[in-house]
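**Q** Now for the letters of each chain:
There are 2 protein chains.
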Amino acid sequence: EDGQLSEATRAAILELPSEAIAALLESLPVNSRLQVWALVSDDERGDVLFEMHDDARRHLIGEMEEADLRTMAARLSPQELVELNELIPEKLYSRRLKLMSIKEQTAVNTAMRFDDDQVGRNIDSDFISISENLTAQQVMRLLRQWQIPSNTDLLCLVSEDGLYAGSVQLTDLFNAHPQQQINELKLEEDPAVGAEMHMSDLADHSYQNHYAMTPVVDDAGHLLGRITSQDILGWVQDEAESQLLQQAGLSEDEDLFAPVKRSAKRRAVWLGINLCTALLASWTIGLFEATLEQVVALAILMPIVASMGGIAGSQTLTLAIRGLALGHLSSSNANIIFRKEILVGLLNGIIWALVIGTMAGLWFAKPAIGFVIGAAILVNLIFAAVSGVIIPLILDKLKIDPALSGAVILTTVTDVVGFFAFLGLGSLFLV
Amino acid sequence: EDGQLSEATRAAILELPSEAIAALLESLPVNSRLQVWALVSDDERGDVLFEMHDDARRHLIGEMEEADLRTMAARLSPQELVELNELIPEKLYSRRLKLMSIKEQTAVNTAMRFDDDQVGRNIDSDFISISENLTAQQVMRLLRQWQIPSNTDLLCLVSEDGLYAGSVQLTDLFNAHPQQQINELKLEEDPAVGAEMHMSDLADHSYQNHYAMTPVVDDAGHLLGRITSQDILGWVQDEAESQLLQQAGLSEDEDLFAPVKRSAKRRAVWLGINLCTALLASWTIGLFEATLEQVVALAILMPIVASMGGIAGSQTLTLAIRGLALGHLSSSNANIIFRKEILVGLLNGIIWALVIGTMAGLWFAKPAIGFVIGAAILVNLIFAAVSGVIIPLILDKLKIDPALSGAVILTTVTDVVGFFAFLGLGSLFLV
Chain A
1 EDGQLSEATR
11 AAILELPSEA
21 IAALLESLPV
31 NSRLQVWALV
41 SDDERGDVLF
51 EMHDDARRHL
61 IGEMEEADLR
71 TMAARLSPQE
81 LVELNELIPE
91 KLYSRRLKLM
101 SIKEQTAVNT
111 AMRFDDDQVG
121 RNIDSDFISI
131 SENLTAQQVM
141 RLLRQWQIPS
151 NTDLLCLVSE
161 DGLYAGSVQL
171 TDLFNAHPQQ
181 QINELKLEED
191 PAVGAEMHMS
201 DLADHSYQNH
211 YAMTPVVDDA
221 GHLLGRITSQ
231 DILGWVQDEA
241 ESQLLQQAGL
251 SEDEDLFAPV
261 KRSAKRRAVW
271 LGINLCTALL
281 ASWTIGLFEA
291 TLEQVVALAI
301 LMPIVASMGG
311 IAGSQTLTLA
321 IRGLALGHLS
331 SSNANIIFRK
341 EILVGLLNGI
351 IWALVIGTMA
361 GLWFAKPAIG
371 FVIGAAILVN
381 LIFAAVSGVI
391 IPLILDKLKI
401 DPALSGAVIL
411 TTVTDVVGFF
421 AFLGLGSLFL
431 V
Chain B
1 EDGQLSEATR
11 AAILELPSEA
21 IAALLESLPV
31 NSRLQVWALV
41 SDDERGDVLF
51 EMHDDARRHL
61 IGEMEEADLR
71 TMAARLSPQE
81 LVELNELIPE
91 KLYSRRLKLM
101 SIKEQTAVNT
111 AMRFDDDQVG
121 RNIDSDFISI
131 SENLTAQQVM
141 RLLRQWQIPS
151 NTDLLCLVSE
161 DGLYAGSVQL
171 TDLFNAHPQQ
181 QINELKLEED
191 PAVGAEMHMS
201 DLADHSYQNH
211 YAMTPVVDDA
221 GHLLGRITSQ
231 DILGWVQDEA
241 ESQLLQQAGL
251 SEDEDLFAPV
261 KRSAKRRAVW
271 LGINLCTALL
281 ASWTIGLFEA
291 TLEQVVALAI
301 LMPIVASMGG
311 IAGSQTLTLA
321 IRGLALGHLS
331 SSNANIIFRK
341 EILVGLLNGI
351 IWALVIGTMA
361 GLWFAKPAIG
371 FVIGAAILVN
381 LIFAAVSGVI
391 IPLILDKLKI
401 DPALSGAVIL
411 TTVTDVVGFF
421 AFLGLGSLFL
431 V
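Taken in sequence, the protein lines are chains A and B.
According to our numbering, the stretch in the first sequence is residues 1 to 431, in order.
According to our numbering, the stretch in the second sequence is residues 1 to 431, in order.
No lab work stands behind these hints: they were computed from the structure.
Any given hint could be a false lead.
Repeated chains share a single entry, so a pair holds when one copy, or any two copies, can fit it.
Unchecked claim - DSBU-like cross-link-like pairs, simulated, lysine-lysine; straight-line CA separation at most 30 Å:
{"hint": "1", "residue 1": "LYS340", "residue 2": "LYS265"}
{"hint": "2", "residue 1": "LYS399", "residue 2": "LYS98"}
{"hint": "3", "residue 1": "LYS340", "residue 2": "LYS261"}
{"hint": "4", "residue 1": "LYS103", "residue 2": "LYS265"}
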């Protein structure tokens, strides 16, 4: 039949690793997506969903028969169960949890105590912990019997009362004397972090230390698990992606093939917010209705003033946001940067005021128009510089991420100031 | 004296790790920056510069006395020499290179053969390679004598003729029989990558495989070095930062405290590009000068049409750019996404046409104005959806990164189309 997959395609798909199947599913329209999903084995489905974005997996889970869903849920790993907990029915969640080993149950319950972007939520419970009272030789013997998980370059030591007691670099075992106590090999600078830590802080931390894994402990000093560099890398990549999407008012989970109605509804919210800011700009223009009637050149040139202000402002804003993120900008040095940005705005304001003023004066054969637009550009570029520094600092103080709402607020300011300066000067000098 | 650092501050600074000193230097205005720099020891200076952005380190190097610069250059590590090669005088570069061991010289010369964003440029030559003809016991004995670098979870095997022969997971040594040949322990799926590979491809690759390091080979099969997960993480973080800056027409190396003149000059370029697009919009408005003279309400409402189009378009654009980056969007499924986005544009177009049309009609007490702006919004939102899919696909075909120039092109289109539709309909129905 036409809509069916060929034998060769089926075979090729079954060979793919789960990350590739996940990417394939997300790049397929709804119908073909369900056909490919039907090929994925019960065992692999949890793996594949784990790698997908929220919308697309919600869609697949929504289309599954109850029996299939039950089979899949019963095979989820602890990490998969945590990741998918909001998408599968409560009943299947608890049933799966009950059938896990005590160790796995603890892992799930521990992870669920933390937020998505806390270290505790993202830990991997597949790691090696060892009593701190053993000798190097005893540890080597144990390691020979165990399956050592990938990305292991540290052994975590645990004291008799079950608390985390430090970490040993795996390679240090090679140089140790067989009878040496393992806890004598402990790293001086302990690499462990608290489970409450934010993932983005850990990302910076991990770049500075030098192990493939980071042990994670709770407030009471219990060892909860570890995070590998790969986990952190995945998180950083997801974050960068999600930040780009959020700047356009989109959710990071947005599915390319989401139903039209749902997509339209979500995006409508951002359009509505934007409408409010655009209305503010229109209202400003409306104040000068009488002037515009007399000097139509003002209407023609208006967008230039607003747009130059918006661009200059967003340059300052972007630098300030990066400065805040890297810790280079704070209230202690804001003054100096403030002064510098105003000077940059002044310099570019003068240059572009001359260029645009001359062009506009020639275009409308009226030097006064050139003067008015030049002055407005100068005012708006200085104002843009001021706002570009102040807005992110204020948002940061209010604990609002300036990377998300900074640009909308800034362009509202530069639009309103630009229109007001331009049309205001126009009413004074051109009417 | 006033401008001097106190003893306590000096002592505290000297205790900091080099990453923290780098961040501190970048957050200081020029004068204090030089004072802190004077405290950094000759040995640590290379380390610190390695962690800084280009502009700030260019500034520090520019301010150094020749003798200090010579001392610092003579102590650079191979990785530091590669990173700083464009910033120090040719003569000091070659002098440092000559004084290195053969192994280090090879590392530098190898790295210099590749571009900044290729794997080959970023490799770490501090790793363990071992002849593939040894037994497990012989390897263990060697490892006991060597200093094993951090982030080592693989041993790279080399054949008799010096070619890369596969990798062994370090932990597999624990379970091996002492007399077993090391090359029998080789990983089936070889983790090595080619030195020509782009770092961003490696970042995706590394997230999928499971080692703390990735061996790097050249075309001829020689083992050049390795890349650790930490190196990749650092690169991904830098990339995300640089992408945000480039979207605002800024260089990733921009220094918060760069001289006003240099900052102004750099940003002027982006303002100039923006001016061209703004002029195009003004020119479009100019076509309807006569209409604007008669119906000033059009001038007041213009920004709303352009801005709604810009927002809707950038939402589609952002999704398309992400889709391209993740491999979810290609010419094979572009058609389906195209149709979906047009429908979303249509739906939101209808909703916002009604809302804005009603508001505008009431505002100016003239239903025809409501009709004209409603129709213009509808047209612009559909056009925005079309452009949001087509522009990134075309740029991608032309090998231009759509994340950089896509937004500028898109808003130019939505401005021009929006003004043309709105003022054109206005001339037809309102004059």
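**Q** Hint by hint, note whether the structure agrees.
**A** Evaluation of the provided hints:
no., hint, in the structure
1, LYS340 x LYS265, "between (43 Å within a copy, 14 Å between copies)"
2, LYS399 x LYS98, "neither (40 Å within a copy, 53 Å between copies)"
3, LYS340 x LYS261, "between (48 Å within a copy, 10 Å between copies)"
4, LYS103 x LYS265, "neither (43 Å within a copy, 61 Å between copies)"
Taken one by one, the earlier hints fail for this structure at numbers 2, 4, listed in ascending order.
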